[in-house]
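Next come the chains, spelled out residue by residue.
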Amino acid sequence: MSEAAPGAHAGVHTDHHAPPGFWRTYVFSQDHKTIGIQYAITALLFLLFGFTLMMIMRWQLAYPGQSIPFIGKFFGDANAPDGVMLPEFYNQLGAMHGTIMVFLGVVPLAVGAFGNYVMPLQIGAPDMAFPKLNMMSYWIYFVGGLTMLSSFLIPGGAAASGWTSYAPLSVIATAGQTVWLFGMICLITSSLLGSVNFITTIFQLRAKGLSFMRLPFFVWAQLVTSFLLLLAFPPLEAAGVLQLMDRLAGTSFFMPSGLVVSGQPLAYSGGGNPLLWQHLFWFLAHPEVYVLILPAMGIVAEIIANNTRKPLWGYRSMVSATVFLGFMSFVVWAHHMFLTGMGTVISSFFQATTMIISIPSIIILTALFLSLWGGSIRFTTPMLFALAFLPMFGIGGLTGLPLGLAPADIHLHDTYYVIGHFHYVVAPGTLFALFAGLYYWFPKVTGRKMNDTLGRIHFWFSFAFINGVFMPMFIQGLAGVSRRLYDGGAMYSHAQGVMHLNVFMSVCAWCLGLAQIPFIINFFWSIWKGKKVSDNYWDATTLEWSAATSPPMAHGNFATPPEVYRGPYEYSPPGSGRDFLPQNKPEEAR
Amino acid sequence: METASAESVRKHVRVYVTVFVALMALTLITVTISTLHLQPAAAIIVALCIAALKASLVAAYFMHLISEKKLIYAALTLTVVLFLVLMVLPVSHFADRGL
Amino acid sequence: MEIPYTVEPRPDTGVYNAKLGIWLFLASEVMLFGALFSSYVLLRVGATTWPHGYEHLNIPLATVNTVVLITSSVTMVMSWASLAMKDIRKYRVYMGSTVALACVFLVIKGFEYAAKFEHGLYPSGSTFLAIYFTLTGLHGLHIIGGIIVNCYLLGPGTRMWKTDPARFTNRVEVAGLYWHFVDLVWIFLFPVLYLL
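Residue numbers (my numbering), protein chains in the order written: chain C, 130 to 719; chain H, 110 to 208; chain B, 23 to 218.
These aren't lab readings, by the way, just hints derived from the structure by calculation.
Among the hints, erroneous ones may be present.
As the list claims (entries may be wrong) - The calculated label-pair distances, taken between Cβ atoms and stated as ranges, are:
(1) Ala396(C) x Tyr182(H): 47 to 57 Å
(2) Arg66(B) x Leu162(H): 18 to 28 Å
(3) Leu162(H) x Gly387(C): 34 to 44 Å
(4) Pro26(B) x Ile506(C): 38 to 48 Å
(5) Arg66(B) x Met342(C): 42 to 52 Å
To be verified - Here are the simulated lysine-lysine pairs, DSSO-like style, with alpha carbons at most 27 Å apart:
(6) Lys108(B) x Lys184(B)
(7) Lys112(B) x Lys184(B)
(8) Lys714(C) x Lys337(C)
(9) Lys337(C) x Lys178(H)
(10) Lys578(C) x Lys661(C)
(11) Lys178(H) x Lys261(C)
(12) Lys120(H) x Lys108(B)
(13) Lys261(C) x Lys184(B)
(14) Lys112(B) x Lys120(H)
(15) Lys178(H) x Lys120(H)
What the hints assert, rightly or not - Derived coverage of chain B by chain H (criterion: at least 3 residues anywhere in the stretch with Cβ under 8 Å from a Cβ of chain H; other residues may be distant):
(16) 29-39
(17) 57-69
(18) 90-96
(19) 192-205
Every residue, glycine too, gets a C-beta built ideally from N, C-alpha and C.
Bound-form chain C, shown alone:
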């Protein structure tokens, strides 16, 4: 050991004296902040791309069989002859919209970008515990994303079996499904490496004095999220490997005996079980819902505490609720499978666990609502998005309850009601929280703030139109319109009464697209021309604001290792006469 010490120091010095070149600084960077920015840019581009796919689909739903204006001729005869979308192309767009939004957009932005950039700063760490692994996570994600995109260009097009890729349909689908599986395996590997890194960092690199009950709620949310990714993703990876075997080696893991397609018996030995895919898929995909929502709650909690200028109400309950929620999310998966011939005993079990898991979500949401009580609220742009998150997530969550009850689910399963439900959770819920986070931490990253007028335009139009898109879906779903209809329900008599809503929803979706233009302008304009602001622009208490603005880009966030003396939300502490007490301000300095 004694011999080790001098050697270790020699290593330190050489590391610091060699300034990294362009590639090491901006492309293959091992710095968590650069990687966080890389994740953010990539994920935002994917979000825009995935949203564009949906805007194209909405044309077909609103005006079935009519030629897509302006851009229809660019899709080629294989996808849209004369600009009229073919059913196969519609299915590709649907499957890829779901996949891209969830796995390439929201999760990388919520965990990869915000988690990477903010979490180490909030715990006072010099970097992530494994910087090389962090770099690998990003690049494997990047390759997985490119793989997914490339599938649009191969013969037969992209995966078209829905983002859930249910077997046996997915097993006999065109080659795009194989590409989808390879892409997913990359994305899963990236998430696994990332979550190992996040958990290790939170446990090992917390600053002195930063005990678990002093962690900002955002860090807690990232910790539980990482555990969900770590332990729920491998079963989907296993399922992906099995499906790859089915497709490439001709095995029958998901292929039942005696399957006949278009009058032709399939050349599979049979003996498999298509429901096995559903079990393994939902074993991941239900925890995945909480992977999508927990970081969003974390961001909202930070912003609400900061903008009400008072501590979060019930911090401890929120933390316990988050941990409990994470655990429970592993035992609810079969509520996605009530219609697979499950008996009443097992359905009752999964109904019960589903009702139980709604309790911690409600605790968190209630605590956030109560935190507003008596606060002197600053209606900043991030706060507007954070405030909108609360009722929007509320609608998303509450509309989920009927889906968790088997009798109601029998009617609502696979209708537009389901689409409305989970989009309320993820779009005006999570995405609004992510926008809030972008506006909130933008000054930390760039040293400039985003323009408030453009921010308000972005917020109010997005808020109005996003409800216009999703609220009518509940009506259509209750009327029984299936979520996967290529013509929006035109050929079904029971859908006729609610068909007219399609045009309204589509117009709202396109206007929602337009409403993002102020954000895009604001984002780029503010990087170079935004108003310059101080290091702690929002007068916040958590550690990231005590670091310099756009902290140096090589393993050095703080000039000296910070020390923490108090909890994360000491706003308006009684008797001190101050508005806020940062976590790292020594007691005697009052």
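Please arrange chains H and B on chain C, whose structure you already have, making use of the hints.
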């Protein structure tokens, strides 16, 4: 492991050899039993018990789980619980389905 | 500011970074193989017929392979113990044997696969064969991964012994934990696929 002193490592080495012998013996036993072609239920129980015993020997001594830190135990306990949930998955599939 | 606790354990958690990292990674591996094992149970319970492993598979070869892999686990832990006793020469011998034994395992596995293919037994033949090839194939990939890591630690990685011996010992311990896990998976695969 705390930086183990040479003496304690030497003690470890003796343990490793013992565990190695035990693992070999258990391998031999489980192969021998399999030639008897027991009833399926009995065969499964015996084979899995021996495998579990071998696995715990590897985990406890080669992977030093017998003297690990609380944090590692906590992480692994969580994993084991969720692993058991995975093992119950087939039960949740077949129970009450009338198959 | 360097990243702390790469060598010495953090006082309140009692572990160094890589130790926690590898155990978390192994936890995810448990879930990966757990899901495959669970799929095996579900498919087997649902199957109308299921062959005994010994009808298709070569038990003597698999028994030899079990012995090979367990031995490689012992040499792996001995290579760590040699480093802890500051004996780099012995370390090289034990680590070298670990890599060699892993290669022997793969060669035997290769013969097994070749024999199956000769008899026209492919993964597409039956669910049993599909499970057999998928599980052993995935396990084989893990073996290859272990060989790559161990070769690095045997070759260029050894340089660290001169600059930072404590950290190098930790690396070998972490690689060892992974290697024992691969052994542990085989300990279950062997009876499940061959003996039952």
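Q) Of the numbered hints stated previously, which ones are contradicted by the structure, given in increasing order? A) none
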